[in-house]
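Following the hints, put chain B in place on chain A, whose structure we already have.
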Amino acid sequence: MGLSDFFAFIGSLTLFNLSAIRWLIYRPPRWRNLMPLFYSIGVSSTWVVGLTGCFIGMVLAVQSYHSFREMGLESRMGAVINVTLVKELGPVLAATMLAGRVGSAMAAELGTMRVTEQIDALSALGTNPVQVLVVPRLVTCVLLIPLLTSIADCLGILGGYVISTSLFGIDSYYYWYYTEKFVEFADLIAGMFKSVFFGYTIGIIACHRGFHSRAGAQGVGQAATESFVLSFVIILAIDLLIGSAWNSVYRALYPGVPEGLI
Amino acid sequence: MPDNPLDSKIDSDMVNGPRPDKNHLPAATPSWSFSTFDENEPADDRFFSDSKENVELSHNFEYPDRELNNSKFTDSDPSLKAIHKMPAERPLVQIEVPEERPRETVKEVIIEFENVTKSFRNQMVLRDLSFKVHRGETVCLIGESGCGKTVNLKLMIGLMKADKGMVRFHGQDLARMNEKQITSTRIKFGFLFQMAALFDSMTIYDNVAFGLREHRLVNERDMPGYITERLLEVGLPVGVELKKPAELSGGQRKRVGLARALALKPEVMLYDEPTTGLDPIMTDIINELILQTQQSGERAGIIVTHEMRTVTKCADRVIMLYPLSRLEPDEPQILYDGPPEGLEDHSDARVRQFVRGEAGDRLREMNVARLGDDLDSTILTSDLDDLIGNRKTISRG
Numbered sequence: 001m002g003l004s005d006f007f008a009f010i011g012s013l014t015l016f017n018l019s020a021i022r023w024l025i026y027r028p029p030r031w032r033n034l035m036p037l038f039y040s041i042g043v044s045s046t047w048v049v050g051l052t053g054c055f056i057g058m059v060l061a062v063q064s065y066h067s068f069r070e071m072g073l074e075s076r077m078g079a080v081i082n083v084t085l086v087k088e089l090g091p092v093l094a095a096t097m098l099a100g101r102v103g104s105a106m107a108a109e110l111g112t113m114r115v116t117e118q119i120d121a122l123s124a125l126g127t128n129p130v131q132v133l134v135v136p137r138l139v140t141c142v143l144l145i146p147l148l149t150s151i152a153d154c155l156g157i158l159g160g161y162v163i164s165t166s167l168f169g170i171d172s173y174y175y176w177y178y179t180e181k182f183v184e185f186a187d188l189i190a191g192m193f194k195s196v197f198f199g200y201t202i203g204i205i206a207c208h209r210g211f212h213s214r215a216g217a218q219g220v221g222q223a224a225t226e227s228f229v230l231s232f233v234i235i236l237a238i239d240l241l242i243g244s245a246w247n248s249v250y251r252a253l254y255p256g257v258p259e260g261l262i
Numbered sequence: 001m002p003d004n005p006l007d008s009k010i011d012s013d014m015v016n017g018p019r020p021d022k023n024h025l026p027a028a029t030p031s032w033s034f035s036t037f038d039e040n041e042p043a044d045d046r047f048f049s050d051s052k053e054n055v056e057l058s059h060n061f062e063y064p065d066r067e068l069n070n071s072k073f074t075d076s077d078p079s080l081k082a083i084h085k086m087p088a089e090r091p092l093v094q095i096e097v098p099e100e101r102p103r104e105t106v107k108e109v110i111i112e113f114e115n116v117t118k119s120f121r122n123q124m125v126l127r128d129l130s131f132k133v134h135r136g137e138t139v140c141l142i143g144e145s146g147c148g149k150t151v152n153l154k155l156m157i158g159l160m161k162a163d164k165g166m167v168r169f170h171g172q173d174l175a176r177m178n179e180k181q182i183t184s185t186r187i188k189f190g191f192l193f194q195m196a197a198l199f200d201s202m203t204i205y206d207n208v209a210f211g212l213r214e215h216r217l218v219n220e221r222d223m224p225g226y227i228t229e230r231l232l233e234v235g236l237p238v239g240v241e242l243k244k245p246a247e248l249s250g251g252q253r254k255r256v257g258l259a260r261a262l263a264l265k266p267e268v269m270l271y272d273e274p275t276t277g278l279d280p281i282m283t284d285i286i287n288e289l290i291l292q293t294q295q296s297g298e299r300a301g302i303i304v305t306h307e308m309r310t311v312t313k314c315a316d317r318v319i320m321l322y323p324l325s326r327l328e329p330d331e332p333q334i335l336y337d338g339p340p341e342g343l344e345d346h347s348d349a350r351v352r353q354f355v356r357g358e359a360g361d362r363l364r365e366m367n368v369a370r371l372g373d374d375l376d377s378t379i380l381t382s383d384l385d386d387l388i389g390n391r392k393t394i395s396r397g
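For the record, the sequence lines run as chains A and B. The first sequence lines up with residues 1 to 262 when you count with this note's numbering. The second sequence lines up with residues 1 to 397 when you count with this note's numbering.
If you're looking for bench data, these hints aren't it; they were derived computationally from the structure. Check the hints yourself; a few may be wrong.
Unchecked claim - Lysine to any residue pairs mimicking SDA-like chemistry, simulated, CA-CA at most 25 Å apart:
no. : chain 1 : residue 1 : chain 2 : residue 2
1   : B       : Lys313    : B       : Ile281
2   : B       : Lys154    : A       : Val115
3   : B       : Lys164    : A       : Asp120
4   : B       : Lys188    : A       : Thr116
5   : B       : Lys313    : B       : Gln194
6   : B       : Lys154    : A       : Thr112
7   : B       : Lys244    : A       : Asn33
8   : B       : Lys161    : A       : Arg214
9   : B       : Lys244    : A       : Gly126
10  : B       : Lys164    : A       : Ser123
11  : B       : Lys243    : A       : Met35
12  : B       : Lys265    : B       : Asn178
13  : B       : Lys180    : A       : Pro29
14  : B       : Lys243    : B       : Met202
15  : B       : Lys154    : A       : Ser19
16  : B       : Lys180    : A       : Ser19
17  : B       : Lys265    : A       : Thr127
18  : B       : Lys265    : A       : Asp120
19  : B       : Lys265    : A       : Gln131
20  : B       : Lys154    : A       : Thr127
21  : B       : Lys243    : A       : Thr112
22  : B       : Lys244    : A       : Asp120
23  : B       : Lys161    : B       : Gly171
24  : B       : Lys180    : A       : Arg22
25  : B       : Lys313    : B       : Phe131
26  : B       : Lys243    : A       : Leu37
Stated by the list, open to error - Over 12 Å on every C-beta distance to chain A, these chain B residues come out as not near it, computed from the model:
no. : residue
27  : Ser130
28  : Arg168
29  : Gly225
30  : Glu331
31  : Glu344
As the list claims (entries may be wrong) - On the chain B side, residues computed to face chain A include the following (Cβ under 7 Å):
no. : residue
32  : Ile157
33  : Leu159
34  : Thr183
35  : Arg186
36  : Ile187
37  : Phe191
38  : Phe193
39  : Met195
40  : Ala197
Yeah, the Cβ is synthetic: ideal placement off N, Cα and C, and Gly gets one too.
This is chain A alone, in the form it adopts within the complex (with noise of 0.2 Å):
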């Protein structure tokens, strides 16, 4: 890919971009053409996004126990594992299972639209194929991602909390009581805002790929892989800034916090 590829990559996303929330503010989606992508996107997600949850939260356990263990802190895991699944892997993970499970079909899908004609069909019927296809299916990745996230959290607390109490033997009382201590509100709701921009993110850039998407199975292949690589890696970038922004900004809110403990 050129340079000249590169910017004309970067202006018809921020195009479709645009359009996408010209028509959300112009003609919000109905709730009843909202409830079966609900259903597609956000409850047939649910076992898959609780599952890795769980096993991340198991498996950062089963890591940190004996590094831990070296310096006599293990009753204090429950702290660390339960702020980075709260702050990163939670978000993150559940914004990844998306974009490989929904992302890469709605590219796939929109990408067959595209070959087959029927989104030239939906312009030719008077409506627009942004409003009808690309708005709802963001409004959902944005409303559904801080839920299946919250499960990703939840089930990875409880994975991480059944590994170190029942296989390493950490005392419950402490691991809940260091957790308690140290995992603060902010935490958890720095991960909902993040992965709202996530959603964002997995919904206009499988759209874009799909509206996008070249002739023939190979094309709209192409459309589904490409869809999930990028949005990955713009997910993981938008992670970096916004977890740095977010820590100058509770910085300056809370000047008395030392730095090692955000």
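The following block gives chain B in isolation, referenced to the frame of chain A:
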């Protein structure tokens, strides 16, 4: 309407033919996945007239089953039972198409192309194209694959924009319209896509209802009757509306596409290769439906096709385009513009060859590419393999 004897024949035979009262049909119970309709809102009267007896349709063609709806059929009527056993493909009455249909000379221009040029990347597809389509006219656009016929259709409804020149609808330049005007223009067009382009996540019912719901043209209460009517009009049996597009055959899908386009009662119908990929019988049925759609005399139609039977059956006028790669830089792209009768004996050999389906020079070109320039131009392809075989033996010897 029927000042033409043919019209009245079609009316009485084909359209008014055995047909059940819609109140006796099983009620459609569609899924309302895309419903955006408030049932209390009044519907546009012109889109549903059955409930109001003796109300003249404000539109310029009529659906002639109003008479039938007024309790002509009863439950005890034996003909009704026969109707319920209707075959899956509703038979269309074959009618003789006269050689010459009456055409009025001066009519309002609906679509106008003025020096339109269109390129894709570096490939120019249309060059300096100018033509007009008048009210009530059925124009066939013919030409080889890749000469820009479909692009023409997409330019007409603003799905693509011309690089140079103007496309006008009722004298208004499409490129200068704002979004609202473009939308209201597009509703006046019906587009039958090549592969029908039905929304495959929706049922047939929702497909046909889609445009009506989006623009709130028919009340949700009246919708089932209206949709059934549209589907019967294109000869699809009752019960098909609950299926998904994937469950239908190619011909049925095309007909649903036609029903969906006609549901908005368009002023202009655009057909993109309506008979491609269909068997001869289905081709004839689609041709018949196109003829039936266009017969009102008010609706313009543009048919992109390779099928010469469609041309002879439906066209008032034929425009033949030629691929730019085979034209001299200053030659006009339109090789022929006139009545279908003039095609067969046209002075331009390229037109004759296309109409008769003879590859002519192309075969020679192909053979030259394969065997070199010294080949006799009169040689037939069937003899080529022998020739190649001989050469091989000669060179070996």
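Comparing the hints with the structure gives:
1. B:Lys313 x B:Ile281: Judged against 25 Å, a Cα distance of about 14 Å means the pair holds.
2. B:Lys154 x A:Val115: 15 Å, holds
3. B:Lys164 x A:Asp120: 22 Å, holds
4. B:Lys188 x A:Thr116: 23 Å, holds
5. B:Lys313 x B:Gln194: Measuring from Cα to Cα gives roughly 19 Å; hence the hint holds.
6. B:Lys154 x A:Thr112: At roughly 19 Å apart (the allowed maximum being 25 Å), Thr112 (chain A) and Lys154 (chain B) satisfy the hint.
7. B:Lys244 x A:Asn33: 18 Å, holds
8. B:Lys161 x A:Arg214: The given pair, whose Cα atoms are some 19 Å apart, holds under the 25 Å limit.
9. B:Lys244 x A:Gly126: 22 Å, holds
10. B:Lys164 x A:Ser123: 22 Å, holds
11. B:Lys243 x A:Met35: 21 Å, holds
12. B:Lys265 x B:Asn178: Holds - the C-alpha atoms of Asn178 (chain B) and Lys265 (chain B) are around 23 Å apart, at most 25 Å.
13. B:Lys180 x A:Pro29: 19 Å, holds
14. B:Lys243 x B:Met202: 9 Å, holds
15. B:Lys154 x A:Ser19: This hinted pair holds, its Cα atoms lying about 22 Å apart.
16. B:Lys180 x A:Ser19: Between Lys180 (chain B) and Ser19 (chain A) the Cα gap is close to 15 Å, so the pair holds against 25 Å.
17. B:Lys265 x A:Thr127: Answer holds: Lys265 (chain B) to Thr127 (chain A) is near 16 Å, not above 25 Å.
18. B:Lys265 x A:Asp120: 19 Å, holds
19. B:Lys265 x A:Gln131: Distance of about 23 Å is within 25 Å: holds.
20. B:Lys154 x A:Thr127: Within the cut-off at roughly 15 Å; holds.
21. B:Lys243 x A:Thr112: Cα-Cα ~20 Å, so holds.
22. B:Lys244 x A:Asp120: Answer holds: Lys244 (chain B) to Asp120 (chain A) is near 19 Å, not above 25 Å.
23. B:Lys161 x B:Gly171: 17 Å, holds
24. B:Lys180 x A:Arg22: 14 Å, holds
25. B:Lys313 x B:Phe131: It holds: about 22 Å lies between the C-alpha atoms, which stays within 25 Å.
26. B:Lys243 x A:Leu37: 21 Å, holds
27. Ser130: 24 Å, holds
28. Arg168: With a cut-off of 12 Å, Arg168 (chain B) remains clear of chain A, as the shortest Cβ separation is near 18 Å.
29. Gly225: The claim stands: Gly225 (chain B) keeps its Cβ more than 12 Å from every Cβ of chain A (closest is about 21 Å).
30. Glu331: For Glu331 (chain B), whose nearest Cβ neighbour in chain A is about 30 Å away, the distance exceeds 12 Å, so it holds.
31. Glu344: 33 Å, holds
32. Ile157: Constraint on Ile157 (chain B) satisfied, holds at 6 Å.
33. Leu159: Interface hint status for Leu159 (chain B): holds (5 Å vs cutoff 7 Å).
34. Thr183: Hint holds; Thr183 (chain B) Cβ to chain A Cβ min 5 Å, cut 7 Å.
35. Arg186: Holds: closest Cβ of chain A sits about 4 Å from Arg186 (chain B), inside 7 Å.
36. Ile187: The hint holds - Ile187 (chain B) has a Cβ within 7 Å of chain A, the shortest such distance being about 4 Å.
37. Phe191: 4 Å, holds
38. Phe193: 5 Å, holds
39. Met195: 6 Å, holds
40. Ala197: OK, holds: Ala197 (chain B) within 7 Å of chain A, min 4 Å.
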